[in-house]
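Asker: Sequence:
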Amino acid sequence: MTSHSTSRDVTGEHLHLVHELDAPPAEVFRHLVEPALLARWFGPHSVRVPEESVVCEPFPGGEWNLVMVDIATSTPYPVMARVSEIVPPRLLVCREIDIEADDATFNGLRLRIELHEHDGDHTLLELRQGPFPADTTMAADSAEGWVQSFEKLDAVCGAPATPAPQEAAGPRSGGPGPRPPGQYRVNVNTPLPTGTQHVLVHGTQRAVIAEVGASIRTYSVDGRDVVLPFDETTLAPAFSGAVLAPWPNRLRDGLYRYEDTTYEVPLTEHDRQTALHGLVAYARFTPPADIAPTSTSVTLEHELVPTPGYPWALLVCATYTLDDAGLRVHVATTNLSSANAPYGIGFHPWLSPGAASVDECTLRVDAVRHVTVDERLLPTGTEPVAGPFDLREATALRGIALDDAWVDVTRDEDGLSWIVLASPDGHAAALWSDATMDTWQVCTGDGIPRIERRGVAAEPMSCVADAFRTGERLVHLAPSATHEVTWGLALL
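In this text, residue positions in the sequence shown follow this note's numbering: the first is 3, and each later residue adds one.
There may be inaccurate statements among the hints.
Cβ-Cβ distance ranges computed for the label pairs, FRET-style [stated by the list, open to error]:
| # | residue 1 | residue 2 | range |
| --- | --- | --- | --- |
| 1 | D361 | D292 | 39 to 49 Å |
| 2 | A398 | K154 | 50 to 60 Å |
| 3 | R413 | A294 | 33 to 43 Å |
| 4 | E305 | R456 | 31 to 41 Å |
| 5 | P80 | G449 | 15 to 25 Å |
| 6 | G473 | D143 | 57 to 67 Å |
| 7 | E305 | D72 | 53 to 63 Å |
Derived SDA-like pairs (lysine to any residue); straight-line CA-CA distance at most 25 Å [what the hints assert, rightly or not]:
| # | residue 1 | residue 2 |
| --- | --- | --- |
| 8 | K154 | G205 |
| 9 | K154 | I115 |
| 10 | K154 | R92 |
| 11 | K154 | L194 |
| 12 | K154 | S297 |
| 13 | K154 | T263 |
| 14 | K154 | V69 |
| 15 | K154 | A285 |
| 16 | K154 | V20 |
| 17 | K154 | N67 |
| 18 | K154 | E54 |
| 19 | K154 | P195 |
| 20 | K154 | Q275 |
| 21 | K154 | L93 |
| 22 | K154 | T235 |
| 23 | K154 | A240 |
| 24 | K154 | R259 |
| 25 | K154 | G122 |
| 26 | K154 | V267 |
| 27 | K154 | V201 |
| 28 | K154 | P90 |
| 29 | K154 | E98 |
| 30 | K154 | W43 |
| 31 | K154 | R226 |
| 32 | K154 | V12 |
| 33 | K154 | V51 |
| 34 | K154 | T77 |
| 35 | K154 | D143 |
| 36 | K154 | D24 |
| 37 | K154 | E119 |
| 38 | K154 | V49 |
| 39 | K154 | G311 |
To be clear, the hints were calculated from the coordinates, so they are not data collected in a lab. Glycine included, C-beta positions come from ideal geometry on N, C-alpha and C.
Throw the hints in and build the complete structure from the sequences for me.
Answerer: Have a look at this one:
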């Protein structure tokens with residue numbers, strides 16, 4: 003079998019590894035849960051795992067235990083864990099037990115292994131583990147152990163081995179009997195707040211699209227972040243990377259009138275008494291049955307059900323694709339209702355300055371008119387760009403705080419309008435939008451929890467704030483009609 007390199011990301015108390023295997027997910031999954039197969043590859047090169055020490059109970063609450071034995075000294079190193087979630091042949095989540103504790107309690111260390119189809123019959127194995135104790139080398143040491151384990155897995159996975167059993171192996175005496183596959187997806191721990199993670203890889207580019215909000219959770223090129231990443235175990239901070247529909251930005255008082263009827267949606271920004279960023283930023287988006295994810299592209303959709311405040315059914319379908327030019331996003335929204343629907347859309351990635359601070363960067367925004375606002379950040383009009391709002395040329399951000407919109411965008415010879423955050427490292431995190439959107443929002447994140455001016459939100463939008471009330475750039479989506487937009491990210 004071919005030996006592949008492993009992508010490593012060891013940050014603080016967590017590690018994240020991605021490794022390609024020349025076998026389909028079903029075969030790789032067997033090597034995670036069948037004792038004879040797990041013993042063949044688990045642990046660094048300096049240890050062996052006796053098959054008789056391995057216990058794998060493939061159901062939530064089951065044991066996942068083994069003993070690594072140092073080949074030189076015969077010193078045993080037990081590993082004890084409990085399965086908290088299992089979805090054959092895609093997902094295994096375990097929590098490690100502190101065997102030194104008197105009550106053998108969980109030590110908080112969590113192992114998550116996801117298997118993704120890749121290039122036909124290959125697999126991308128994605129592993130996350132943590133949190134490790136702070137101010138130690140344990141995360142890095144564990145990463146090295148996993149890398150060596152994967153080298154062994156390369157050699158055995160897909161090689162002739164024991165035939166797959168006809169039914170799931172039963173647990174040890176005294177435990178519950180074999181579980182049918184339909185019962186496997188049971189969570190003992192709280193589900194991830196970001197949902198399923200869809201990993202895209204193209205060359206040195208890597209993106210993770212989260213199920214919740216169809217959010218761009220990470221996007222990097224050659225290890226350099228293009229957007230501010232956030233952890234899968236936390237809620238997305240400040241709408242990071244999310245789809246904003248059926249309206250972007252703010253809606254005054256959560257009230258609007260459309261075709262002679264007044265509607266009210268819940269307020270989500272109470273200090274300004276506005277409804278912010280639509281209804282789907284924290285909704286689940288799932289792959290449609292007829293479009294399978296690949297290693298470079300994933301399509302996710304969400305059907306917005308009618309509510310008293312927005313009584314139209316919409317199907318929002320977002321496709322994310324990595325290619326040589328970067329990350330491309332295309333969203334098509336179809337009105338499933340029998341009446342016209344008011345509609346707008348936007349997106350909320352936070353551009354990353356890399357290792358620099360925002361104050362060390364410059365910003366360019368391709369637009370010639372700035373949107374003026376009141377004390378609630380709701381539009382009052384537009385004005386020609388001037389002073390700190392004239393960002394047509396790269397402008398130093400030190401001393402400039404923004405939460406502003408621009409219209410009358412300018413475009414290059416390819417018909418694209420850009421926002422470019424340039425850093426001292428010689429790179430620039432950049433976002434482009436084609437002719438399907440003509441409005442920008444930019445925010446430097448001052449005072450926003452978990453952002454605190456660490457990045458710059460570059461938000462392409464089809465309309466400005468409060469469009470449901472003003473009608474400015476509002477889309478009137480007819481029954482069965484589809485509205486489409488396209489934008490993208492790149493590291494320049």
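Asker: None of the hints should be skipped; say for each whether it holds.
Answerer: So, going through the hints one by one against the coordinates:
no.	hint	verdict
1	D361 / D292: 39 to 49 Å	holds, 48 Å
2	A398 / K154: 50 to 60 Å	holds, 51 Å
3	R413 / A294: 33 to 43 Å	holds, 35 Å
4	E305 / R456: 31 to 41 Å	holds, 34 Å
5	P80 / G449: 15 to 25 Å	violated, 48 Å
6	G473 / D143: 57 to 67 Å	holds, 60 Å
7	E305 / D72: 53 to 63 Å	holds, 55 Å
8	K154 / G205	holds, 24 Å
9	K154 / I115	holds, 17 Å
10	K154 / R92	holds, 21 Å
11	K154 / L194	violated, 30 Å
12	K154 / S297	holds, 23 Å
13	K154 / T263	violated, 66 Å
14	K154 / V69	holds, 17 Å
15	K154 / A285	violated, 40 Å
16	K154 / V20	holds, 15 Å
17	K154 / N67	holds, 19 Å
18	K154 / E54	holds, 19 Å
19	K154 / P195	violated, 33 Å
20	K154 / Q275	violated, 58 Å
21	K154 / L93	holds, 21 Å
22	K154 / T235	violated, 30 Å
23	K154 / A240	violated, 42 Å
24	K154 / R259	violated, 64 Å
25	K154 / G122	holds, 22 Å
26	K154 / V267	violated, 56 Å
27	K154 / V201	holds, 23 Å
28	K154 / P90	holds, 22 Å
29	K154 / E98	holds, 22 Å
30	K154 / W43	holds, 5 Å
31	K154 / R226	violated, 29 Å
32	K154 / V12	holds, 21 Å
33	K154 / V51	holds, 12 Å
34	K154 / T77	holds, 21 Å
35	K154 / D143	holds, 17 Å
36	K154 / D24	holds, 13 Å
37	K154 / E119	holds, 20 Å
38	K154 / V49	holds, 11 Å
39	K154 / G311	violated, 57 Å
Taken one by one, the earlier hints fail for this structure at numbers 5, 11, 13, 15, 19, 20, 22, 23, 24, 26, 31 and 39, listed in ascending order.
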